[in-house]
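Student: The primary structure of each chain is shown beneath.
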Amino acid sequence: MKKSRVIARIDVKNEFAIKGIHLEGLRKVGDPNSLAKKYYEEGVDEIIFMDAVAAYYDRNSLTEVILNASRDVFIPITVGGGLRTIEDIQVALENGADKVAINSKAIHSPEFIKQAVKIYGTQCIVSSIDAKQYDDMKWYAYTDNGRERTSKDVIDWAKEVEQLGAGEILLTSIDCDGTKKGFDYDLCSRVSNEVSIPVISSGGMGKSEDATRLFKSSNIDGIAIASILHYELESVSEIKYCLLKNSINIRI
Amino acid sequence: MKIAILDYQLGNVRSLINACESLGAEVIFSKDHNEILDSNGLILPGVGSFPQGVKNLEKFDLIKTVKSFAASNKPFLGICLGMQLLFESSEEFGTHKGLNIIKGDVVKFPIQELDSKKLPHVGWNEIVKNKHNSFFLNNLADNSDMYFVHSYYVRPTDSSSVMTTTNYAGFDFCSSVIVNNVIGCQFHPEKSGKNGLIVMKNFIEMCNV
Numbered sequence: 001m002k003k004s005r006v007i008a009r010i011d012v013k014n015e016f017a018i019k020g021i022h023l024e025g026l027r028k029v030g031d032p033n034s035l036a037k038k039y040y041e042e043g044v045d046e047i048i049f050m051d052a053v054a055a056y057y058d059r060n061s062l063t064e065v066i067l068n069a070s071r072d073v074f075i076p077i078t079v080g081g082g083l084r085t086i087e088d089i090q091v092a093l094e095n096g097a098d099k100v101a102i103n104s105k106a107i108h109s110p111e112f113i114k115q116a117v118k119i120y121g122t123q124c125i126v127s128s129i130d131a132k133q134y135d136d137m138k139w140y141a142y143t144d145n146g147r148e149r150t151s152k153d154v155i156d157w158a159k160e161v162e163q164l165g166a167g168e169i170l171l172t173s174i175d176c177d178g179t180k181k182g183f184d185y186d187l188c189s190r191v192s193n194e195v196s197i198p199v200i201s202s203g204g205m206g207k208s209e210d211a212t213r214l215f216k217s218s219n220i221d222g223i224a225i226a227s228i229l230h231y232e233l234e235s236v237s238e239i240k241y242c243l244l245k246n247s248i249n250i251r252i
Numbered sequence: 001m002k003i004a005i006l007d008y009q010l011g012n013v014r015s016l017i018n019a020c021e022s023l024g025a026e027v028i029f030s031k032d033h034n035e036i037l038d039s040n041g042l043i044l045p046g047v048g049s050f051p052q053g054v055k056n057l058e059k060f061d062l063i064k065t066v067k068s069f070a071a072s073n074k075p076f077l078g079i080c081l082g083m084q085l086l087f088e089s090s091e092e093f094g095t096h097k098g099l100n101i102i103k104g105d106v107v108k109f110p111i112q113e114l115d116s117k118k119l120p121h122v123g124w125n126e127i128v129k130n131k132h133n134s135f136f137l138n139n140l141a142d143n144s145d146m147y148f149v150h151s152y153y154v155r156p157t158d159s160s161s162v163m164t165t166t167n168y169a170g171f172d173f174c175s176s177v178i179v180n181n182v183i184g185c186q187f188h189p190e191k192s193g194k195n196g197l198i199v200m201k202n203f204i205e206m207c208n209v
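Note that the protein sequences, when read in sequence, are chains W and U.
Numbering (the working numbering) for the first sequence: 1 to 252.
Numbering (the working numbering) for the second sequence: 1 to 209.
Calculated from the structure, these hints are not laboratory results.
Where a beta carbon is used, it is the ideal one built from N, C-alpha and C, also for glycine.
You may find that some hints are simply not true.
[Said to hold, decoys possible] Taking lysine-lysine pairs in the BS3-like style, the calculated list, with each CA pair at most 25 Å apart, reads:
1. U:K117 x W:K118
2. W:K38 x U:K201
3. U:K108 x W:K114
4. W:K152 x W:K114
5. U:K59 x W:K37
6. U:K2 x U:K129
7. U:K59 x W:K3
8. W:K3 x U:K117
9. W:K3 x U:K2
10. W:K216 x U:K194
11. U:K31 x U:K59
12. U:K31 x W:K118
13. U:K117 x W:K114
14. U:K55 x U:K129
[To be verified] Derived CB-CB ranges, DEER-like:
15. W:Y241 x U:S68: 49 to 55 Å
16. U:E205 x W:D186: 50 to 56 Å
17. W:D186 x U:S68: 34 to 40 Å
18. W:I119 x U:E35: 33 to 39 Å
19. W:L67 x U:I28: 42 to 48 Å
[Claimed, not checked] Some, not all, of what chain W presents toward chain U, calculated at C-beta under 8 Å:
20. G96
21. F112
22. Y120
23. Q123
24. P198
25. K216
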């Protein structure tokens, strides 16, 4: 059987790994490559590098970071933030990324996902969805790292990106991001039940039990975690041990 | 000793090159016929669709090169799409002919038979050894986790060529093959952490002989 994934998410601004709350109030937490290597050695399953300000400035500045990571991190690497053209994707892949996560550009022109899938394959294209709740069981998709609200309902948008060919969804809860108070379980459960592509949940994990609850209450395929690792609340192996103890099928 | 990684402009090869180099191998990334045939081993990588893979091999006139190398008795490793291309045909985006180096075909997972109904099969999964005598799997525990990303899988005609199987959502498929000097794996060793580096090291040692 396939394993549930524990993914380290490293948000980057300029050359620093940073972390905010609700995607805002960014604080430096270290060097992105040192963190990636550390989490790799601790047994994390994948790494996501997200350029936290790229969408805002219209560029992704992670080339050097990915290039360095591919030298000593032999697990899948996803890159996101500010990827707007096929050329941007090409550059990311050539420098060592395996997958790219696309949000803002896809919302403004959904055909971009289709076009990217046609060239690089469905496995390479991750749809990154930033969700914020506005009503009971209702969420809007946001762009530009949580700054701009769109008119897209998250559930509809998730189904649409699946139709467009995205291979995975990286689902970030803006409400929960950085709070360490647990995931948005309703959101995760809804989205993962509505689509048949893998869904990765990001935002809110503060302790191992949060992950156990999430995996038991939804069809989520993986968790993308940041604060809990960056602030050394728990290590990758501690989290995995707890999941294993609770009969979640993971890689050890 | 040098290992050639085939350059046919399909997918991320940087981590593959880095993985080989981190294990001490000298690597050339090449589309040159003579340079490739002079190498001690060849890796056919590939991320993308089957028809695009065939198209690129044709475009760079590499079909003959790959077939000659496979016939040379030197270690040959196809990874992911690079393995699928070795087969007779695939049904990805219509029926397409492959390199016909290994007998059998490439088909999509029957989604209705999967417990999870989720495709692609992406993530970590166990490989179960079928043929225990291949050096490629030396020092690797049975049921080791490897990283997969695919929606299609290979069906070798000769079941004795199946080196490992993997179970995805209740469905068993062939996750690696071996026919003489030709090895194929559906998983990505260069993305499978320490387990992946073990089989890469084995492949490099096979090239060293």
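Student: Hints broken by the structure, by number, lowest first?
Tutor: 5, 6, 7, 9, 10, 14, 17, 18, 19, 21 and 25
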